[in-house]
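Going by this note's numbering, the first residue of the sequence shown is number 261, and it counts up by one from there.
Honestly, the hints are just simulated from the structure, not real lab data. A quick note: this is a predicted structure, and the numbers were derived from the prediction, not measured. Idealized CB from N, CA, C, for every residue including glycine. Keep in mind that a hint or two might mislead.
[Unchecked claim] Here are the in silico distance ranges between beta carbons for each label pair: (1) Ile608 x Ala469: 39 to 47 angstroms; (2) Ala661 x Thr472: 47 to 55 angstroms; (3) Leu345 x Lys478: 39 to 47 angstroms; (4) Lys818 x Thr636: 28 to 36 angstroms; (5) Thr421 x Gly634: 55 to 63 angstroms; (6) Ala661 x Gln713: 22 to 30 angstroms; (7) Lys818 x Val794: 35 to 43 angstroms; (8) Pro718 x Arg772: 16 to 24 angstroms; (9) Asn637 x Arg375: 49 to 57 angstroms; (10) Gln496 x Pro718: 58 to 66 angstroms; (11) Phe506 x Lys818: 36 to 44 angstroms.
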Amino acid sequence: MKPSRSPYDSPATLWLIAIVFTLLWLYMLGARTLVPTDEGRYAEMAREMVATGDWITLRLNGIKYFEKPPLQNWMNAISFELFGLGEWQARLWTGLCGLLGVAGTAYTGAKVFNRRVGISTALVLGSSFLWFGLGHINTLDMGLSGMMTLSLCGLLLAQKTNASASEQRYGMLLCWVGMALASMSKGPIGLVLPGAVLVIYTLVTRDWALWTRLHLGKGLIVFFLITAPWFILVWQKNPEHPYFFFIHENFQRFTSKVHHREGAWYYFIPILILGIMPWLGLLLQSLWSGLREKTIGENFQPKKMLLIWSVFIFVFFSISGSKLPSYILPIFPALALLVAVQLERTSILSLRIATGLFGLIGLAGLIFAGKVGGLTNDAYEIPLYQAYKPWVYATAAVAFAGGILASYFVGRNKDAAVITLATAGFFAWQALFLGHEPLGRYGAGLQHIAEIQAELTPATQIFAVGRYEQSLPFYLQRTVTLVEHPDEMAFGLGIQPELWIPKREDFVKKWREDSLSGKADVAILRTDIYQAFVKQGVPMRVIAEDPKRVIVSNILTK
Numbered sequence: 261m262k263p264s265r266s267p268y269d270s271p272a273t274l275w276l277i278a279i280v281f282t283l284l285w286l287y288m289l290g291a292r293t294l295v296p297t298d299e300g301r302y303a304e305m306a307r308e309m310v311a312t313g314d315w316i317t318l319r320l321n322g323i324k325y326f327e328k329p330p331l332q333n334w335m336n337a338i339s340f341e342l343f344g345l346g347e348w349q350a351r352l353w354t355g356l357c358g359l360l361g362v363a364g365t366a367y368t369g370a371k372v373f374n375r376r377v378g379i380s381t382a383l384v385l386g387s388s389f390l391w392f393g394l395g396h397i398n399t400l401d402m403g404l405s406g407m408m409t410l411s412l413c414g415l416l417l418a419q420k421t422n423a424s425a426s427e428q429r430y431g432m433l434l435c436w437v438g439m440a441l442a443s444m445s446k447g448p449i450g451l452v453l454p455g456a457v458l459v460i461y462t463l464v465t466r467d468w469a470l471w472t473r474l475h476l477g478k479g480l481i482v483f484f485l486i487t488a489p490w491f492i493l494v495w496q497k498n499p500e501h502p503y504f505f506f507i508h509e510n511f512q513r514f515t516s517k518v519h520h521r522e523g524a525w526y527y528f529i530p531i532l533i534l535g536i537m538p539w540l541g542l543l544l545q546s547l548w549s550g551l552r553e554k555t556i557g558e559n560f561q562p563k564k565m566l567l568i569w570s571v572f573i574f575v576f577f578s579i580s581g582s583k584l585p586s587y588i589l590p591i592f593p594a595l596a597l598l599v600a601v602q603l604e605r606t607s608i609l610s611l612r613i614a615t616g617l618f619g620l621i622g623l624a625g626l627i628f629a630g631k632v633g634g635l636t637n638d639a640y641e642i643p644l645y646q647a648y649k650p651w652v653y654a655t656a657a658v659a660f661a662g663g664i665l666a667s668y669f670v671g672r673n674k675d676a677a678v679i680t681l682a683t684a685g686f687f688a689w690q691a692l693f694l695g696h697e698p699l700g701r702y703g704a705g706l707q708h709i710a711e712i713q714a715e716l717t718p719a720t721q722i723f724a725v726g727r728y729e730q731s732l733p734f735y736l737q738r739t740v741t742l743v744e745h746p747d748e749m750a751f752g753l754g755i756q757p758e759l760w761i762p763k764r765e766d767f768v769k770k771w772r773e774d775s776l777s778g779k780a781d782v783a784i785l786r787t788d789i790y791q792a793f794v795k796q797g798v799p800m801r802v803i804a805e806d807p808k809r810v811i812v813s814n815i816l817t818k
């Protein structure tokens, strides 16, 4: 039987895939509510940056907030300035960073390996669950990962065998720019992680000559030209910034449990397994292939570099005292390149097992999706989970059908099987995200926006008692006064204690006084605090409530 033509050889097919993928990727940026905590936080910080005109001192809820550098807030603020406030505008930077990662690794795969590897890399990374997911969430880790991908790609392009002098120079400058922008995204790890990978690579391969090809002088100048100005300016305006940022937020975050985000040593293993879907069946083979790469003379070993990048960053965050699922995102471009290389040499049997595995996972999802409705016993939440259930079924069905169809194609057209598996993963993740919207609105409290806005005048003060709402301030376009619970703003409130009310009894006193004088206040309360206030006879009129919060006014008649 004559083999069918590979879709990899059809420019029209590849352009169609790229255009549809890009349009859907961008559409999904505005398809959901900004949910707590990160999405609301970074949208609100950028909104306040635009409102105040202060692009040096970062603030959250009007309070100095020095946990991270400003790049993401700058990009979000520029997006708001250009396109107005909204969900897709708040996610535009992370979405573009995700696309940059896909395009950058595809280009690098084509240049360092071959054209087919470049195409496969784009398919693998663009359809990987964690990369897709965090490309549509307004959080720092995709910005960091996008910039670290620039540094990885620049390094690979500069050091590839037979690179010309100009390719080496510009590739390394791209690497240095990537490290600088990564540092402006999330701090020193933007330089520390790639630097450590480079040291380990040279120790493993004994390629000491690599250090003569890094353009260290020019690179350091570029790095500090990008990073130093803001750090100097923010230090001049806020002398307390360097200690908090470099010691508390970076050194102590890694070496201690100060942020209460600790996890077991295996914390990231299930996240990696889920995050690399639908390519899990090829992961171990791809890593093993990188390990077995042999030295040919003094040639650069790209797969060895990709393996070290992936393993070191994974281990680095596994031993850290602070863990969040998104921390290992920077390894996914490297993994995508390794998987793409492995696809070129994997056997029909291995690929059929990999595609069949995704189909089996989809089948398991179909079996257990019905349990989604039973994840809560709260009468208010049950309909929200029930509404999510059809979308979970759809996700599982797409994964099952895609895995089976890809498995069918394996023996007939291997490239068609790869495209089918990538397409199934990409559409499955979209269904999973779209269906979450009712739960997202509930988590953000967005269903109460109209009731709250009906109570507000320019003079109305909003209090957050015992909790801080990360998304509501952005949608209300108002900051709130914290009561009793400083949340993550404790450091800033230590500098500006006048911006909050530490004791609940002081808040109650002010609330009563304002009620008697006719000055309208609104408070967002934890449910247990609301019950305590009822027992105390605190004057309140309930505006809206749900199991997470009760929103009240101190004006008893509307």
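Structure-based check of all given hints:
1. Ile608 x Ala469: 39 to 47 angstroms: holds (40 angstroms)
2. Ala661 x Thr472: 47 to 55 angstroms: The hinted range 47 to 55 angstroms holds for alanine 661 and threonine 472, with Cβ atoms some 53 angstroms apart.
3. Leu345 x Lys478: 39 to 47 angstroms: Hint holds: Cβ distance 40 angstroms, inside 39 to 47 angstroms.
4. Lys818 x Thr636: 28 to 36 angstroms: holds (32 angstroms)
5. Thr421 x Gly634: 55 to 63 angstroms: For glycine 634 against threonine 421, whose Cβ atoms are near 56 angstroms apart, the range 55 to 63 angstroms holds.
6. Ala661 x Gln713: 22 to 30 angstroms: Violated, since alanine 661 and glutamine 713 (Cβ atoms, about 44 angstroms apart) do not stay within the stated range.
7. Lys818 x Val794: 35 to 43 angstroms: violated (19 angstroms)
8. Pro718 x Arg772: 16 to 24 angstroms: holds (23 angstroms)
9. Asn637 x Arg375: 49 to 57 angstroms: Holds, at about 55 angstroms.
10. Gln496 x Pro718: 58 to 66 angstroms: Distance hint for glutamine 496, proline 718 is violated at roughly 34 angstroms.
11. Phe506 x Lys818: 36 to 44 angstroms: violated (51 angstroms)
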